[in-house]
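Novice: Fit chains H and A to the supplied structure of chain D, relying on the hints for placement.
Residue numbers (my numbering), protein chains in the order written: chain D, 4 to 285; chain H, 29 to 294; chain A, 23 to 306.
No lab work stands behind these hints, which were simulated from the structure alone.
A hint or two may mislead.
As the list claims (entries may be wrong) - The calculated BS3-like cross-link candidates involving lysine-lysine, where the alpha carbons are at most 25 Å apart (straight line), are:
1) D:LYS61 - H:LYS207
2) D:LYS191 - D:LYS152
3) D:LYS83 - H:LYS204
4) D:LYS27 - D:LYS81
5) A:LYS169 - H:LYS265
6) H:LYS207 - D:LYS82
As the list claims (entries may be wrong) - To be clear about the criterion: a stretch of chain A counts as covered by chain D if any three or more of its residues have a C-beta under 8 Å from a C-beta of chain D, and this derived list gives those stretches:
7) 28-36
8) 201-207
Don't be surprised by glycine CBs; every beta carbon is placed ideally from N, CA and C.
Each chain, written out:
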Amino acid sequence: MSIILDHVNYVYGGDTTLAVQALKDVNLVIPDGQFIGLIGHTGSGKSTLVQHLNGLIKPTGGSIYFNGEDIHEQDYDKKKLRSKVGLVFQYPEHQLFEIDVFTDVCFGPKNLGLSKQETELRAYAALKQVGLEDDYFYQSPFDLSGGQKRRVAIAGVLAMKPDVLVLDEPTAGLDPKGRDEILDQIAKLKEETGITVILVSHSMEDVAKYVERIIVMNQGSVMFDDTPGEVFKHYRELEEVGLAAPQVTYIMQALYKNGMPVKTDVTTIEEAKQEILRTFGK
Amino acid sequence: MLRDITLGQYYQTDSVIHKLDPRVKLVATICFIISLFVVKSWVGYVAAAIFLAVMIKLSNVPFKYMVKGMRAIVFILLITVVFNLFLTPGEVLVSVWKLKITREGLQLAVMMAVRLSFLIVGSSVMTLTTTPNSLTDGMEKLMKPLKIFKVPVHEVAMMMSIALRFIPILLEETDKIMKAQIARGADFESGNLVKKAKAMVPLLVPLFISAFRRANDLAMAMEARCYRGGENRTKMKPLKYASRDRIAYGVLAVYFAVCIVIRIYL
Amino acid sequence: MGIIRTDKLVFEYIRRDEEGNVEGITRAVDEVDLNVKQGDFVAILGHNGSGKSTLAKHINAILYPTEGTVWVDGMDTKDEKDLWNIRQEAGMVFQNPDNQIIGQVVEEDVGFGPENMGVPTEEIWERVEESLKAVGMYKYRKYSPNKLSGGQKQRVSIAGVIAMHPKCIILDEPTAMLDPNGRKEVVRAVRGLNDVEGITVVLITHYMEEIIHADRVFVMDKGRIAMQGTPREIFSQVEKLKELRLDVPQVTLLAYELQKSGIDLPDGILTVEELTRALLTVQS
Numbered sequence: 004m005s006i007i008l009d010h011v012n013y014v015y016g017g018d019t020t021l022a023v024q025a026l027k028d029v030n031l032v033i034p035d036g037q038f039i040g041l042i043g044h045t046g047s048g049k050s051t052l053v054q055h056l057n058g059l060i061k062p063t064g065g066s067i068y069f070n071g072e073d074i075h076e077q078d079y080d081k082k083k084l085r086s087k088v089g090l091v092f093q094y095p096e097h098q099l100f101e102i103d104v105f106t107d108v109c110f111g112p113k114n115l116g117l118s119k120q121e122t123e124l125r126a127y128a129a130l131k132q133v134g135l136e137d138d139y140f141y142q143s144p145f146d147l148s149g150g151q152k153r154r155v156a157i158a159g160v161l162a163m164k165p166d167v168l169v170l171d172e173p174t175a176g177l178d179p180k181g182r183d184e185i186l187d188q189i190a191k192l193k194e195e196t197g198i199t200v201i202l203v204s205h206s207m208e209d210v211a212k213y214v215e216r217i218i219v220m221n222q223g224s225v226m227f228d229d230t231p232g233e234v235f236k237h238y239r240e241l242e243e244v245g246l247a248a249p250q251v252t253y254i255m256q257a258l259y260k261n262g263m264p265v266k267t268d269v270t271t272i273e274e275a276k277q278e279i280l281r282t283f284g285k
Numbered sequence: 029m030l031r032d033i034t035l036g037q038y039y040q041t042d043s044v045i046h047k048l049d050p051r052v053k054l055v056a057t058i059c060f061i062i063s064l065f066v067v068k069s070w071v072g073y074v075a076a077a078i079f080l081a082v083m084i085k086l087s088n089v090p091f092k093y094m095v096k097g098m099r100a101i102v103f104i105l106l107i108t109v110v111f112n113l114f115l116t117p118g119e120v121l122v123s124v125w126k127l128k129i130t131r132e133g134l135q136l137a138v139m140m141a142v143r144l145s146f147l148i149v150g151s152s153v154m155t156l157t158t159t160p161n162s163l164t165d166g167m168e169k170l171m172k173p174l175k176i177f178k179v180p181v182h183e184v185a186m187m188m189s190i191a192l193r194f195i196p197i198l199l200e201e202t203d204k205i206m207k208a209q210i211a212r213g214a215d216f217e218s219g220n221l222v223k224k225a226k227a228m229v230p231l232l233v234p235l236f237i238s239a240f241r242r243a244n245d246l247a248m249a250m251e252a253r254c255y256r257g258g259e260n261r262t263k264m265k266p267l268k269y270a271s272r273d274r275i276a277y278g279v280l281a282v283y284f285a286v287c288i289v290i291r292i293y294l
Numbered sequence: 023m024g025i026i027r028t029d030k031l032v033f034e035y036i037r038r039d040e041e042g043n044v045e046g047i048t049r050a051v052d053e054v055d056l057n058v059k060q061g062d063f064v065a066i067l068g069h070n071g072s073g074k075s076t077l078a079k080h081i082n083a084i085l086y087p088t089e090g091t092v093w094v095d096g097m098d099t100k101d102e103k104d105l106w107n108i109r110q111e112a113g114m115v116f117q118n119p120d121n122q123i124i125g126q127v128v129e130e131d132v133g134f135g136p137e138n139m140g141v142p143t144e145e146i147w148e149r150v151e152e153s154l155k156a157v158g159m160y161k162y163r164k165y166s167p168n169k170l171s172g173g174q175k176q177r178v179s180i181a182g183v184i185a186m187h188p189k190c191i192i193l194d195e196p197t198a199m200l201d202p203n204g205r206k207e208v209v210r211a212v213r214g215l216n217d218v219e220g221i222t223v224v225l226i227t228h229y230m231e232e233i234i235h236a237d238r239v240f241v242m243d244k245g246r247i248a249m250q251g252t253p254r255e256i257f258s259q260v261e262k263l264k265e266l267r268l269d270v271p272q273v274t275l276l277a278y279e280l281q282k283s284g285i286d287l288p289d290g291i292l293t294v295e296e297l298t299r300a301l302l303t304v305q306s
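So that you can see chain D by itself, here it is in the shape it has in the complex:
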């Protein structure tokens, strides 16, 4: 049970001089149950990449396998694939359209051809999973706050019971608390259900706390693919391509250079604190 990308290339603009290679020879294995951060600046190919995972975009070269099957085989059921690999787009609240929250969340499971009862059970469970209170279920989605709308939109994808959840910039435009709430909720969901989560972001700081693996994209290629601690060791190279390691990385590097015997591969504030306290003998 996994997603495998085998030499995936994607060129758009066809055969004209304007053709752009959005993905260059991408090889990835995404096993079940991982929590992955996909990082890259705008135009690095990360959004194009995730749209390949559920077959929205067909690669111009290479293959993609979901649970061992080539998803672009003639008789492969794309609709089923899309229910198994749930993709939450950027600003997903802009895709809400139904008269109330609950009906909107039902849209996905209903499209799968499930019974009314099963659809509603799933919608209810999904709304619970994103932590939305019952009071909001029969309100118009357009009357909710920004953070709540986003939860509803995420629930809309969760209601399809995907094995893999891909979220493209789920915190864009939210305030710091709203950001933390959404990310905590996703982490909790991951813990409880064990699904694979791929978090697309341009902020190392946001994902470092949660993920076990970071894939860095640059100009359509995979630049790094490792644990956060290992990836952040390349903070100079990251800077060169317009990304930055979390501020703690810089703090530890600065301390180390000034002769303090600290480890430099810490990724979170908590780890940094323990590490500094250790050198102070506390």
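Specialist: Same frame as chain D, now just chains H and A:
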């Protein structure tokens, strides 16, 4: 990508025609279209063809771009030709079953085909050499006299240029919403017409909401930048006739006169 | 008197249900007193819904106070005869870069404001050139806005405002929709305007790293000003900021955590260098 679609099929290059004032090009296009209906003889069409050929040559736009515009109207062209061919009474040339092709019909059909193709190619010379922006500017200036009749000329021009700015953005948004709904299992392709129409709701509702949100934001941004209609507004790029524009008007007048002469004497 | 001043500013709006009946009244801005000096760089912080954007829209006379008064350069925003002068003197940049660019070519968009003000053609060109140079976008003047990145679009929007020769510029979450690079570009451009051109800046944001260089910071919550002071004063109150749904830069948070664990560090550390220096001092 949808974002790269440039509207009005402007072809970027350097030529005399590109440099002409948009008003000249607008007036010339209208005159050319009229001239196609003024002339009635083959000599007239030869004159129009020469005029058009010279303009295409001067515009430096490859001929295949002109013909591209034709593709869209091939169907209309065929219908016109067929109707004229079979439904014009006169001296019968060929008779197949109940359908009769007459000499007059044949003449008329060929004439209509020539007229229509010239009309399309002629207008595309204008759209290929003029940016949508200067085209709106030109229209605004040309239609200024209509203000006396309370026609909101400035507002119409402003609306057109805002539409041109937002069409690529909304197209891209359509693409994005569509993909997002497909990711939720929506199906925009299969089913009969009713089912297809119903399937559009999850696309259209978010699109409309977004369009209104953008309109609201834009109106606020425009007001914040002191926009208050066309009154007392100055222009960053005011339209001014240069000597080449006056020469162009001269050439146009000569062409039009020739067409009238041909109509009367030939 | 400062360039922007508010006195007990209140803004209320009426909520209605579907039938149009009044459901209640929401006070978005609640008795705010603000005084911004000419040439200052002021930051307004606050979570979504704290009233900071509503406050900003009063400065540009897009909204009018329910109670209290707003003065821009001594002009009361409720005074209709000064409306266009106020909008010219207090320029405004909004959040969504796509929804505030009107022109189809960068230079035409920058010229939009001056055109509206009736500036003579030749001077418009001068203004467009100097404004685009001030934000480092001059070489993109012939581009279509659709081909620019988010950060570049926002810099064009800023140029469009400076071309109106405002005394102050209000930026309403200009970086909320941008990636880290775009954010840096925009903040650098804004600081340049303040330092070099001496334009008063009011920057509204919820990104803490953007306000480190501000002269004064106001934190809003529930329509009121909950905190105010220098960035250092504000950042030294980590707990209070958390309560207000905000966070602090990682370096400040780490310093605060270390302090709590008994390491003797000064309050309100803002940069990596400051923390390193402080820790080395403690160590030796």
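Novice: If a hint holds in the structure, say so; if it doesn't, say that too.
Specialist: Quick rundown of the hints versus the structure:
1. The straight-line distance between the Cα atoms of LYS61 of chain D and LYS207 of chain H is roughly 13 Å, inside the 25 Å bound, and the hint therefore holds.
2. Our distance criterion of 25 Å between C-alpha atoms is met by LYS191 of chain D and LYS152 of chain D, whose separation comes to about 19 Å.
3. Simply put, LYS83 of chain D and LYS204 of chain H have alpha-carbon atoms about 20 Å apart, close enough for the 25 Å limit, and the pair holds.
4. A distance of roughly 24 Å separates the Cα atoms of LYS27 of chain D and LYS81 of chain D; the hinted pair therefore holds under the 25 Å criterion.
5. The straight-line distance between the Cα atoms of LYS169 of chain A and LYS265 of chain H is roughly 22 Å, inside the 25 Å bound, and the hint therefore holds.
6. The suggested pairing of LYS207 of chain H with LYS82 of chain D holds, with an alpha-carbon distance near 13 Å, which does not exceed 25 Å.
7. Only residues whose C-beta sits within less than 8 Å of a C-beta in chain D count toward coverage, and the stretch 28-36 of chain A has 0 of them, not enough to reach three; the restraint is violated.
8. Counting residues of the stretch 201-207 of chain A whose CB lies closer than 8 Å to any CB of chain D gives 4, which reaches the minimum of 3, so the coverage claim holds.
Checked against the numbered hints above, the structure violates only hint 7.
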